[in-house]
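Hey, can you work out the whole structure from these sequences and the hints?
Residue numbers (the UniProt record's numbering), protein chains in the order written: chain A, 1 to 113; chain B, 1 to 113; chain C, 1 to 113; chain D, 1 to 113.
FYI, nobody ran anything at the bench for these hints, they're computed from the structure.
There could be a bad hint or two in this list.
Listed below are several chain A residues computed to face chain C (Cβ distance under 7 Å; list not exhaustive) [stated by the list, open to error]:
no.: 1; residue: A23
no.: 2; residue: G24
no.: 3; residue: S28
All residues carry an ideal CB built from backbone N, CA and C; glycine is no exception.
4 protein chains.
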Amino acid sequence: MTDPQQACFEAGIKFGSLYHQFAGTPLSPDSADSLERAMSEAIENQPHCESVTVSILGDALAEELANSTADYTELTGRFMEVEMRIRYEDVTVETRMEMEEGYPLMKLVSVVE
Amino acid sequence: MTDPQQACFEAGIKFGSLYHQFAGTPLSPDSADSLERAMSEAIENQPHCESVTVSILGDALAEELANSTADYTELTGRFMEVEMRIRYEDVTVETRMEMEEGYPLMKLVSVVE
Amino acid sequence: MTDPQQACFEAGIKFGSLYHQFAGTPLSPDSADSLERAMSEAIENQPHCESVTVSILGDALAEELANSTADYTELTGRFMEVEMRIRYEDVTVETRMEMEEGYPLMKLVSVVE
Amino acid sequence: MTDPQQACFEAGIKFGSLYHQFAGTPLSPDSADSLERAMSEAIENQPHCESVTVSILGDALAEELANSTADYTELTGRFMEVEMRIRYEDVTVETRMEMEEGYPLMKLVSVVE
Chain A
1 MTDPQQACFE
11 AGIKFGSLYH
21 QFAGTPLSPD
31 SADSLERAMS
41 EAIENQPHCE
51 SVTVSILGDA
61 LAEELANSTA
71 DYTELTGRFM
81 EVEMRIRYED
91 VTVETRMEME
101 EGYPLMKLVS
111 VVE
Chain B
1 MTDPQQACFE
11 AGIKFGSLYH
21 QFAGTPLSPD
31 SADSLERAMS
41 EAIENQPHCE
51 SVTVSILGDA
61 LAEELANSTA
71 DYTELTGRFM
81 EVEMRIRYED
91 VTVETRMEME
101 EGYPLMKLVS
111 VVE
Chain C
1 MTDPQQACFE
11 AGIKFGSLYH
21 QFAGTPLSPD
31 SADSLERAMS
41 EAIENQPHCE
51 SVTVSILGDA
61 LAEELANSTA
71 DYTELTGRFM
81 EVEMRIRYED
91 VTVETRMEME
101 EGYPLMKLVS
111 VVE
Chain D
1 MTDPQQACFE
11 AGIKFGSLYH
21 QFAGTPLSPD
31 SADSLERAMS
41 EAIENQPHCE
51 SVTVSILGDA
61 LAEELANSTA
71 DYTELTGRFM
81 EVEMRIRYED
91 VTVETRMEME
101 EGYPLMKLVS
111 VVE
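This is the structure in structure tokens:
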């Protein structure tokens with residue numbers, strides 16, 4: 001296996017980890033900041049993970065709650081965007097998760113040696 | 001069912017939620033503060049939950065990492081203490097999770113009408 | 001604390017555990033049976049838990065997938081009903097989770113000494 | 001990005017998903033079979049995932065419980081081995097998770113076009 005392949009594998013691990021560790025977490029506008037930060041710092045602990053940025057989408061969250069009798073919901077891909085930078089040996093991988101046609105799509109943005 | 005019974009049921013839900021949502025989260029001394037805060041604020045979103053205090057046990061975490069080649073571990077009950085206050089109608093329930101004989105034990109501390 | 005209160009606390013723990021351990025699991029009609037069984041057997045391991053029955057709601061799942069370009073979704077409360085029986089000392093607690101007004105509601109059904 | 005890189009990224013996603021969705025699940029010898037099957041079938045729902053084999057390590061589990069006053073534990077990497085085959089376009093990736101020096105290591109086994 002090549003270093004770029006290993007780097008892409010590592011990048012995928014981080015994405016799957018982040019999503020399935022935190023999906024389902026009770027989420028409100030008041031708790032969004034602390035969850036963003038905890039998700040970033042938790043996944044940055046993993047090997048080869050240089051940086052993680054999580055953005056809870058305030059507009060999507062507000063819209064969900066406006067249509068609801070509850071004042072919180074559960075975290076799913078609809079409510080966040082994620083960017084990560086992974087470094088494995090001399091390879092840097094940039095990845096991104098965002099909604100596409102109603103689904104959270106995790107994708108490779110660049111692989112640079 | 002009585003209000004105290006309902007209050008105790010609600011208190012149990014919060015404990016199970018907190019533990020199983022966050023168990024397995026990558027954890028290091030650097031990410032402990034943000035995880036404590038995110039856990040508290042996430043579970044406080046749930047109905048009838050007045051306050052949640054999570055304390056990552058720095059000593060237990062440091063000891064685990066001293067015996068490890070890794071610089072992070074995964075959150076389990078060994079690395080945290082939790083206190084919660086639940087209010088259902090006129091009943092206040094205080095609960096606590098701590099280690100006893102090697103196991104994370106969730107217990108009722110008081111039920112007051 | 002009384003035995004019925006302890007029993008209700010234990011019942012709540014099991015519900016929160018089940019929900020937050022498995023929420024987010026990839027789910028399709030083909031994988032519904034194995035997930036039902038694994039959820040039941042996993043939570044039945046917990047202390048004082050006599051029985052857990054999980055029913056994935058095939059109709060709700062089919063409707064979700066009919067409106068989707070994907071052939072699977074993620075487990076949330078919309079797609080399951082859960083019944084549990086908890087026994088603590090001489091107290092038996094029956095509990096149930098089902099959707100009410102769009103939300104998964106966990107409730108006490110009976111507390112019998 | 002090349003197809004092999006995309007395939008490796010997809011393989012990583014599945015591993016991170018499996019681990020962080022199910023870590024922390026209450027586990028005993030009696031519930032091991034149903035959990036193995038549910039984990040496999042759940043992750044096989046994900047795109048590009050051809051097969052997942054999960055083996056709960058009965059010996060490791062028995063040893064843990066022999067040293068414990070409890071009759072169940074929580075799933076972590078110590079108690080399972082996982083093999084996956086991912087197919088993306090014309091690329092097949094084989095991956096494996098097993099313990100190495102006390103840590104669950106997820107690794108690429110082969111990338112074949």
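Failing hints, ascending? Checked against the structure, the only hint that fails is number 3, while the rest are satisfied.
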